[in-house]
Amino acid sequence: SVCWVQGTIGLNIDDPIPNDPTDWDELKERADISFYQWVPFCLSIQAMLFYLPHLIWQALAINSLGDNLECLLTRAKKANQVDDRGARQNLVNACADHLCKLSRQHADNRTNTWSALQHYLTRIPGGRLFIVGKRMGNRIAFLYLLVKLLYLANALGQLFIIMKFLGQRDLNMVTFSQYLFNILKSKREWGGSEFFPRQTLCPVKVPHLGVRNQVYTAVCALPVNMFNEKIYIFLWLWICFVFLVSVLSLLTWLGRLALQRYSRDFLREFLAVSLLAPIRLPGDEYVGDGRGEEELSDPLVNKFLREVVRCDGNFIIRMLRLNAGDVVTGEILARWWKLFMQSEERNRRDLYAKMPDYMPGFKVTPDAPPRPESNGEPMKTPEHNI
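Residue 297 in UniProt numbering sits at position 297 of the sequence shown, and the numbers go up by one each step.
Derived by calculation from the structure, the hints in this document are not laboratory data.
By construction, the Cβ of each residue, glycine as well, lies at the ideal position given by its N, Cα and C atoms.
Take the hints with a grain of salt, since some may be wrong.
[What the hints assert, rightly or not] Derived pair list, reagent style SDA-like, types lysine to any residue, alpha-carbon separation capped at 25 Å:
1. K78 <-> R88
2. K205 <-> Y216
3. K78 <-> N323
4. K134 <-> Q105
5. K148 <-> G255
6. K303 <-> L121
7. K303 <-> R264
8. K230 <-> L244
9. K303 <-> F142
10. K101 <-> M341
11. K77 <-> R256
12. K303 <-> M341
[Said to hold, decoys possible] Computed spacing ranges between beta-carbons, pair by pair:
13. A353 <-> V82: 37 to 43 Å
14. Y216 <-> K185: 41 to 47 Å
15. K303 <-> V247: 45 to 51 Å
16. V82 <-> A47: 33 to 39 Å
17. R85 <-> A47: 39 to 45 Å
18. K303 <-> A116: 15 to 21 Å
19. L49 <-> R346: 50 to 56 Å
20. S343 <-> C71: 19 to 25 Å
21. R306 <-> V174: 39 to 45 Å
22. A353 <-> D83: 40 to 46 Å
Kindly generate the complete structure, drawing on both the sequences and the hints.
So this is what it looks like as C-alpha cells:
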C-alpha cells in the first residue's frame, strides 16, 4: 500500500542501490514510477479524444452549418422504414423541399468584386478546395473533410503517446511497428518498458524512537503492468488499423468532393437512373417520366448541378445514400430535380410576361409559349439588299 501511494523507483540492472536518503531523493527525481496507478484515467482520456472529432461534427451538423443535417438524415431513414406509401412519399417530398430551400438560401447572388474574385479562383485547378464559404456551396463538405483530418491527427498523436509509454523513444513508428510484429510473431515475451516496469524498488522509512529513521528498500512486483503493456500493445495495433482506414476514407471523400467532373458524372447518372421508372405520387404528378438520360441531355441539368446542387448538395446526396439507401435517395433527388424544373418554368413564364412591355409584337398565354402576333396577316421577313 505504501508503494502504491508513494510510487516506486525503476532501476536498471547495472544501477547501484543508493545508500543514503540524499541519493534516494536524487534517484526518485530521475526514475520515479507513479504512472501505472493512473492508467484507467489515461485510457478514459484517450477514449474521449477519439470521441472529440465525432462530437465536433455532431455540433456542426445540427444547425451550425445553416441546416440540421441530422434531422434530414433521420427523416430519409424513416422514409425507408415506413410501410405506408403516402407517409413515405410525404417524407421524401419534405426532404426534397428542404434541399431545394437550402440551395436557395445558400445561393450566391452577390455582385461585388470579392465574389467575382472567388469565382475566378475556383476555376484554377485545386482552387475550389481553398475558397470555402456558404455562398460558394462547399462549406459543409470542407468542414467534413476537416473533421476527417482531426481523426487522422488524433490517431497519429495517440500512436506517438503509446510508443512513448512503451519505452521506445529511439525508434520511429514504422520501425517500432516492425519490432512489435516480430515479437508477436515469434511469441516472445515483451521485455518490459520504462513506464511499465514489472519490478521496482520502494524506499520505506521506518521511524524508531530516539534514533535515526531507518530506510528499508523493498522490491515491489507490479503484475498490473503486465496487463497495462498488453492493453497498450493492443491499442497500438488497433489505432494503426484505424489510422489506415481513416487515410483511405479521407482520400475517398476527397476524390468524391474535389473532382468536379467525377461528381457531376455521378450525379447525372444517378439522376438518370432515378428518372427511368416513373413514380406516381398520391394526388400529384409523376416525379419520373421514364425518359432517363434523354431528359438529362438538356443544358438545364448542367445548371442544376453547378448552381443548385453544387459541392454541398453532392455531399448531402452521398450521405443520404449511405444512411437511407439508393431507392429513397433517388426519389429525393428526382423530386429535387422536378422542383428545379418547375422553378425554371415559372421564371421563363415571368420573363415572357414582361416581354410585351418592350416587345409589342409578342403575346403570352398562360399555357403556351409566346408566339409572334401578326394581326391576321402572315409575318414578313425584312428584305436586305446585298
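Each hint, compared with the structure:
For the proposed pair K78 and R88, the alpha carbon gap of about 8 Å is at most 25 Å, so the pair holds. Simply put, K205 and Y216 have alpha-carbon atoms about 6 Å apart, close enough for the 25 Å limit, and the pair holds. Using a Cα cut-off of 25 Å, the hinted pair K78 and N323 holds, with the two alpha carbons roughly 10 Å apart. A distance of roughly 9 Å separates the Cα atoms of K134 and Q105; the hinted pair therefore holds under the 25 Å criterion.
Between the alpha carbons of K148 and G255 the distance comes to roughly 14 Å, so the proposed pair stays at or under 25 Å and holds. About 20 Å separates the Cα atoms of K303 and L121, which keeps this hinted pair within 25 Å; it holds. Proximity of K303 to R264 is assessed by CA-CA distance (about 11 Å); at most 25 Å being required, the pair is judged to hold. Distance restraint check for K230 and L244: the Cα-Cα separation of roughly 22 Å lies within the 25 Å cut-off, and the hinted pair is therefore satisfied.
Under the criterion of a C-alpha separation no larger than 25 Å, the hint pairing K303 with F142 is consistent with the structure, at around 22 Å. Between the alpha carbons of K101 and M341 the distance comes to roughly 14 Å, so the proposed pair stays at or under 25 Å and holds. Proposed proximity of K77 and R256 is supported: the alpha carbons are some 22 Å apart, at most 25 Å. For the suggested pair K303 and M341, the alpha carbons sit about 11 Å apart, so the restraint of at most 25 Å is met.
In this structure the hint that A353 and V82 lie 37 to 43 Å apart at CB holds, the actual value being about 41 Å. Between Y216 and K185 the C-beta distance comes to about 43 Å, which sits within the given range of 41 to 47 Å. For K303 paired with V247, a C-beta distance near 36 Å fails the hint of 45 to 51 Å. For the pair V82 and A47, the beta carbons lie near 36 Å from each other, so the given range of 33 to 39 Å is met.
For R85 paired with A47, a C-beta distance near 44 Å keeps the hint of 39 to 45 Å intact. Taken as a hint, the range 15 to 21 Å holds for the pair K303 and A116, whose Cβ atoms sit roughly 19 Å apart. For L49 and R346, the hinted distance range of 50 to 56 Å is satisfied, since their beta carbons lie about 52 Å from each other. At roughly 24 Å, the beta-carbon separation of S343 and C71 lies within the given 19 to 25 Å, and the hint holds.
Between R306 and V174 the Cβ separation comes to about 44 Å, which falls inside the hinted range of 39 to 45 Å. The beta-carbon spacing between A353 and D83, approximately 45 Å, falls within the hinted interval of 40 to 46 Å.
Hint 15 from the list above is the single one not met by this structure.
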